[in-house]
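J.: Sequence:
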Amino acid sequence: MSKRKNQIKSKKDSATNETEGIVQIVMSKYFEKEKEEQQETIKSTQNDINNTIETTDVVKKRQKIVNNDGNDQKWEPAHWKEHWNNILAMRITNKHLEPRGCDTIGDTITDEKVRRLHILVSLMLSSQTKDTMTIAAMDRLLEHEFTVQYALDIDVDQLAKIIYPVGFWRRKAQYIKDTCQILRDKYNDDIPNTIETLCALPGVGPKMAYLTMDFAWKSNQGIGVDVHVHRISHRLHWLPYDTKTPEQTRLALESWVPRDLWNQINHNIVRFGQTQCLPVHPRCSTCLNRYICPASTSKDTKKNIKQKI
Numbered sequence: 000m001s002k003r004k005n006q007i008k009s010k011k012d013s014a015t016n017e018t019e020g021i022v023q024i025v026m027s028k029y030f031e032k033e034k035e036e037q038q039e040t041i042k043s044t045q046n047d048i049n050n051t052i053e054t055t056d057v058v059k060k061r062q063k064i065v066n067n068d069g070n071d072q073k074w075e076p077a078h079w080k081e082h083w084n085n086i087l088a089m090r091i092t093n094k095h096l097e098p099r100g101c102d103t104i105g106d107t108i109t110d111e112k113v114r115r116l117h118i119l120v121s122l123m124l125s126s127q128t129k130d131t132m133t134i135a136a137m138d139r140l141l142e143h144e145f146t147v148q149y150a151l152d153i154d155v156d157q158l159a160k161i162i163y164p165v166g167f168w169r170r171k172a173q174y175i176k177d178t179c180q181i182l183r184d185k186y187n188d189d190i191p192n193t194i195e196t197l198c199a200l201p202g203v204g205p206k207m208a209y210l211t212m213d214f215a216w217k218s219n220q221g222i223g224v225d226v227h228v229h230r231i232s233h234r235l236h237w238l239p240y241d242t243k244t245p246e247q248t249r250l251a252l253e254s255w256v257p258r259d260l261w262n263q264i265n266h267n268i269v270r271f272g273q274t275q276c277l278p279v280h281p282r283c284s285t286c287l288n289r290y291i292c293p294a295s296t297s298k299d300t301k302k303n304i305k306q307k308i
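In numbering that gives the first Met the number 0, the protein residues as written are 0 to 308.
Note that these hints are calculated values from the structure, not bench results. Check before you lean on any hint, since a few could be wrong.
In silico lysine to aspartate or glutamate, DMTMM-like type, Cα no more than 25 Å apart, as pairs [stated by the list, open to error]: (1) Lys112 / Glu75; (2) Lys94 / Asp130; (3) Lys160 / Glu142; (4) Lys176 / Glu144; (5) Lys243 / Asp130; (6) Lys217 / Glu111; (7) Lys94 / Glu246; (8) Lys112 / Glu195; (9) Lys217 / Glu253; (10) Lys129 / Glu144; (11) Lys80 / Glu111; (12) Lys176 / Asp259; (13) Lys112 / Asp138; (14) Lys176 / Asp156; (15) Lys129 / Glu142; (16) Lys80 / Glu142; (17) Lys94 / Glu111; (18) Lys129 / Glu246; (19) Lys112 / Glu144; (20) Lys185 / Glu144; (21) Lys80 / Asp225; (22) Lys160 / Glu144; (23) Lys160 / Asp177; (24) Lys160 / Asp102; (25) Lys112 / Asp188; (26) Lys73 / Glu246; (27) Lys217 / Asp189; (28) Lys129 / Asp177; (29) Lys185 / Asp259; (30) Lys243 / Glu253; (31) Lys176 / Glu111; (32) Lys217 / Asp152; (33) Lys73 / Asp241.
Simulated DEER-style distance windows between Cβ atoms [claimed, not checked]: (34) Gln157 / Glu111: 22 to 28 Å; (35) Thr131 / Ala199: 27 to 33 Å; (36) Gln157 / Thr131: 21 to 27 Å; (37) Ala135 / Asp156: 16 to 22 Å; (38) Arg282 / Lys112: 40 to 46 Å; (39) Ser284 / Asn192: 43 to 49 Å; (40) Lys112 / Thr285: 40 to 46 Å.
Ideal Cβ positions, reconstructed from N, Cα and C, are used throughout, including at glycine.
Between the sequences and the hints, there should be enough to build the whole structure, so can you do that?
T.: Below you can see the structure in the form of structure tokens.
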């Protein structure tokens, strides 16, 4: 009898240990996910703080160049018009290499509110994500007939699965749901039409806001600066001072770029950066700017610059 009791007790202990093991695994995964999300939040918050501080510092440091006669002199980079015309020409040559971008989102959508919503969401997804991945996620949302109502009805985990694997997909799924709730409460299911109100939406920064105004509202409010524009502006020496963040670069570019070109800079520079002026191993040998670009790796660059000057 005692042996039987020991066997039963042993089975119970084994079952208890197995259950505890499963619970530990589940809880471990839960805390891992929670830790990952906390790290994302800390990183995102710190980036926002740094951008705000650094942008404020740049605004304070900006100074006008003044002639001897006291008149203001507008700073312009050398050869920028040639740079720009060559970039436009290379876009035509490299058209077959260009991926679809967020500017093409909503081309087939007839409802203007839904079209603008898709443009905003595509820009929210594009942060730290390749265009091909962003477009694929937006195509899936289009297949689900994505609207404000759809975002409010769907579970956040299900929405996250649809947009996966864009960067920070879990967090962006929550941003989209929170944003759509605001659009329902404040804007009659439409998106805001000012930079300030767009930037007030969860997960929307200045770059997204300026591009949204351009693509969704056809309104030229400023230069949308992403990593490509930030990188290439430095390579071409298009900045009157060194900048560390895209927002600082925007301020520097807008200090001299003609306003009628503001809404053309991002679209053309990004495509140039994706097909010609690559982050690593730029194709300088076939670049039309190879003789007038300060960062060119082509031979006799300095010699040709001197000749042109």
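J.: Taking the hints in turn, state whether each one holds.
T.: Cross-check of the supplied hints:
no., hint, verdict
1, Lys112 / Glu75, "violated (39 Å)"
2, Lys94 / Asp130, "holds (15 Å)"
3, Lys160 / Glu142, "holds (14 Å)"
4, Lys176 / Glu144, "holds (15 Å)"
5, Lys243 / Asp130, "holds (23 Å)"
6, Lys217 / Glu111, "holds (12 Å)"
7, Lys94 / Glu246, "violated (28 Å)"
8, Lys112 / Glu195, "holds (19 Å)"
9, Lys217 / Glu253, "holds (19 Å)"
10, Lys129 / Glu144, "holds (23 Å)"
11, Lys80 / Glu111, "violated (36 Å)"
12, Lys176 / Asp259, "violated (35 Å)"
13, Lys112 / Asp138, "holds (17 Å)"
14, Lys176 / Asp156, "holds (11 Å)"
15, Lys129 / Glu142, "holds (20 Å)"
16, Lys80 / Glu142, "violated (43 Å)"
17, Lys94 / Glu111, "violated (28 Å)"
18, Lys129 / Glu246, "holds (20 Å)"
19, Lys112 / Glu144, "holds (13 Å)"
20, Lys185 / Glu144, "holds (22 Å)"
21, Lys80 / Asp225, "holds (21 Å)"
22, Lys160 / Glu144, "holds (16 Å)"
23, Lys160 / Asp177, "holds (17 Å)"
24, Lys160 / Asp102, "holds (24 Å)"
25, Lys112 / Asp188, "holds (7 Å)"
26, Lys73 / Glu246, "holds (21 Å)"
27, Lys217 / Asp189, "holds (15 Å)"
28, Lys129 / Asp177, "holds (24 Å)"
29, Lys185 / Asp259, "violated (32 Å)"
30, Lys243 / Glu253, "holds (16 Å)"
31, Lys176 / Glu111, "holds (20 Å)"
32, Lys217 / Asp152, "violated (30 Å)"
33, Lys73 / Asp241, "holds (17 Å)"
34, Gln157 / Glu111: 22 to 28 Å, "holds (27 Å)"
35, Thr131 / Ala199: 27 to 33 Å, "holds (30 Å)"
36, Gln157 / Thr131: 21 to 27 Å, "holds (23 Å)"
37, Ala135 / Asp156: 16 to 22 Å, "holds (19 Å)"
38, Arg282 / Lys112: 40 to 46 Å, "holds (41 Å)"
39, Ser284 / Asn192: 43 to 49 Å, "holds (45 Å)"
40, Lys112 / Thr285: 40 to 46 Å, "holds (43 Å)"
The structure does not agree with the numbered hints 1, 7, 11, 12, 16, 17, 29, 32 stated previously, though it agrees with the rest.
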